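Now for the letters of each chain:
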Amino acid sequence: MTVKKLGLRQRYEHMTRGLDWETTYQKMDDVFPYDSFEGIKIKDWSAWEDPFRLTMDTYWKFQAEKERKLYAVLDAFAQNNGQTNLSDGRYVNVVKLFLTGISPEEYQAHRGFAFTGRHLRGAGARVAAQMQSLDELRHLQTQVHTISHYNKFFDGIGEFPHMHDRVWYLSVPKSFFDDARSAGPFEFMIAIGFAFEYLLTNLLFVPFMSGAAYNGDMSTVTFGFSAQSDESRHMTLGIEVIKFLLEQHPDNLPIVQKWVDKWFWRGHRLLGLVAMMMDYMLPKKVMSWKEAWDIYFVEAGGSLFQDLERYGLKMPKYADIATEEAEHISHQNWAVFYQYTHAAAFHTWMPDKEHLDWLSAKYPNTFDKYYRPRWELWAEMEKEGKRFYNMALPQLCQTCQIPMAYTEPGDPATICFRATQFQGETYHFCSDGCKDIFDGEPEKYVQAWMPVQQIFQGNCGGPTVLDVLAWYNLNAGADNMDYTGSPDEKIWKEWHPDADAARKAV
Amino acid sequence: MTVTAITPDYVKHIEIRDIQQNFHGNILVYVHWEEHLSFCSAIAFPLPPAMPFGALVSDVIAPHYAAHPDAAKVDWAAVNWMIDGEKATPDFGKSLAENGMHHKSLVRFWTPGLTGRAAS
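In order, the protein sequences belong to chains F and E. Residue numbering for the first sequence follows UniProt numbering, beginning at 1 and increasing consecutively. Residue numbering for the second sequence follows UniProt numbering, beginning at 1 and increasing consecutively.
You may find that some hints are simply not true.
As the list claims (entries may be wrong) - No farther apart than 25 Å at their CA atoms in a straight line, the calculated lysine-lysine pairs in the DSS-like style are these:
1) Lys41/F / Lys27/F
2) Lys369/F / Lys12/E
3) Lys383/F / Lys73/E
4) Lys435/F / Lys87/E
5) Lys12/E / Lys444/F
6) Lys435/F / Lys73/E
7) Lys27/F / Lys4/F
8) Lys369/F / Lys383/F
9) Lys73/E / Lys386/F
If you are wondering where the hints come from, they were derived from the structure by calculation, not from laboratory data. Owing to the predicted nature of the structure, the values given are computational and were not obtained by experimental measurement.
Same shape as in the complex, but just chain F (with noise of 0.2 Å):
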C-alpha cells in the first residue's frame, strides 16, 4: 500500500487555515476587536490569495541555510580584514546612517507585523504578517551582527539603538514608524506593507546593496543577498494586501487611497536620507538619486498604478511634486548635515572637484545653478578657515519632522513654507503633502515628539549642544564633525597611507 502524501497546496491549507477556527466562547468581534474601527469592510476572508504558500516548517529550514551562509562569509570578512578592502574610509558611513536610520526600522517593522499577524481576523493573512514579522526581526540582527565588525575600528556605530530613540535627525524614520504603528493592522499593511515595501522598496535597498557592492563592503552584500528572498515575499504580501481590499468592497477605496497618498508622501520624505546617500556619501556612486527615481518610482510606479487603476485607485496625490523634487532633495539634506555636522552621528565633507563634476553631469538643469555655487562657497571658507556651520537650530517640520529645508515647487530659491492652525496653536509644514497630512489626523500629530522643541523645553540632557550630544550618547569629537580630522581617517591612513594620492590619481 502506498502512503498518499499531500500536495504541496494542500499540505499548506492543512498547516495554516486548516488550524483556524470559528470562536464560540468568546464572540469573534472581542477576539479581534482591531480589524473594524478603520471602516475597512471584508466580505470573505477566505478569498485572500496566500502570496506565499510556505509553512513554518519550511520558513525554519529556509532561513537557516540562508543564516549559515551569512554567517561564514561574516567570518571570512573579519578574518581578512575585510574593512581595510574599503573604497574609502567615508563609506563607513553610509553604514552608520544605515545602522541608526534602517535597522531599528526593521525592528519597528516586526513589531507592527506582529500586531497585524494577531489582529487580522483572515488566517491565510495573518500568517503571512507573522512570517514577515519573523523576517523583519531576522534582518535586525543579520544586520547588527554584519555591521558589529565595523564597530570594532570606527566611531558613531555602537550607540545606535540609544541614538535612534533620541538622537534629532532619527527622529525622521522613527516617527515615519511610530505613526505606521500607531495606526490599525489596515492602514498598516498600506503603510508598510503596499507603499513601503512595495512601492519604494527598491528606492531602499537597492542603493544600499548596490552601493555596498560597489564599495567593496561584501558584508553588507551579502546580507542583502540574505534578505532578497524575504524582500521579495513582503512585495508580494504588500501587493496581495492592497488588490484584496480593493476586492473585497468598494467603499474601502477612498480609504486606502487616503492611505497611498499620505504613506507615499511619508515615504517620499524619509527616502530623501536615502538620495543623499547616493548621491553624497557613497566614494563609488551607483547611479544618481534622480535616475534611481525615474527607473523605480516613475517607470516601475508608473506602471503599478496603471495596472492597479481597474480597482479605481489613483497614483498618489503629488507624485508629480515628489519626482520634481527629485532634482533637489539629495542637495538639500546633505547642506542640512553639512552644517550640522557637529550633532550628526557621522562625518561629513564637501564634494571635491571630481564629485561636483560627477553631480553637475547628473543634475544638468539644477546642480550648477543652485547646489554648486554654494559648496564651492563653503569650501572656499573651509579653506580660510571659516568652516560654515549653523550654531542656531533648525524649523522643523511637524509632520515629517525633517528641518523645513525644502524649496516651493517651481522655485529652487525660496524655501516653502506652509502652516495651519489648530485649536489656537500654530503648526508648520515643509510641503502640502505633509500639510495634508496633519490636517486629516491633527489630534495625533499635535502629540509629536519634536526634537527641537524638546530640547528648548529642556527635556534632552542640558541647554548647551555639548549636554544635548551627551544625552544622545554621541561621543563628541569622534562621532561628529567633518571626516577630515576625524579618527575614522586615521586609521583609514594608517592602513593605507596613500590614500589620498589614490583618490586623486582616479
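For chain F, the structure is supplied; the task is to place chain E on it using the hints.
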C-alpha cells in the same frame, strides 16, 4: 477631520507637546533670511514675548547669521519683513508681542541688494 481611533474618547488622552506653557515663559520664534540658503531652513529660538524687536535683531538674528559673508553688509533699517505670512513694518522699540508675534510665529526677512551667492 479627526483621528480614526479604536478609543472613542481618543482626544481626552492626547498630550499636545509644544504648547506655550511648556517653554518656561518663552514663545518659540522662527526666523529665516530669504535668498540665503546657506542656512538650510528657518532657525528656532525660545524667546520672552516682552523682548523688544530690536533686541531680536541685534542679539538673536544678527549673531546667528554672522557666519555668512553677506552678514556684515546688512542694513537692518532697509530690511523687508514678513511676519506670519503678512508684510510687516515691525517697531524695533516695541516687544515681540506688541509687534503681533505669538508662540511659533515665523519671521522672514529680505535684505535688498544682498542675495548671497546664487541665493546661497
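A quick look at each hint next to the structure:
1. Restraint check for lysine 41/F and lysine 27/F: the C-alpha separation of about 18 Å stays at or below 25 Å, so the hint holds.
2. Under the criterion of a C-alpha separation no larger than 25 Å, the hint pairing lysine 369/F with lysine 12/E is inconsistent with the structure, at around 50 Å.
3. Restraint check: the Cα-Cα separation between lysine 383/F and lysine 73/E comes to about 22 Å, which is no more than 25 Å; the hinted pair holds.
4. Taking the CA atoms of lysine 435/F and lysine 87/E, the gap is near 23 Å; set against the 25 Å cutoff, the hint holds.
5. This hinted pair checks out: lysine 12/E and lysine 444/F have alpha carbons roughly 12 Å apart, not beyond 25 Å.
6. In summary, the hint linking lysine 435/F to lysine 73/E is not supported, as the alpha carbons are separated by about 36 Å, beyond the 25 Å threshold.
7. Pair hint lysine 27/F plus lysine 4/F does not hold up; C-alpha atoms about 38 Å apart against a cutoff of 25 Å.
8. At roughly 22 Å between alpha-carbon atoms, lysine 369/F and lysine 383/F fall within 25 Å of each other, so this suggested pair holds.
9. A threshold of 25 Å between alpha carbons decides the hint, and for lysine 73/E with lysine 386/F the separation of about 18 Å falls inside it, so the pair holds.
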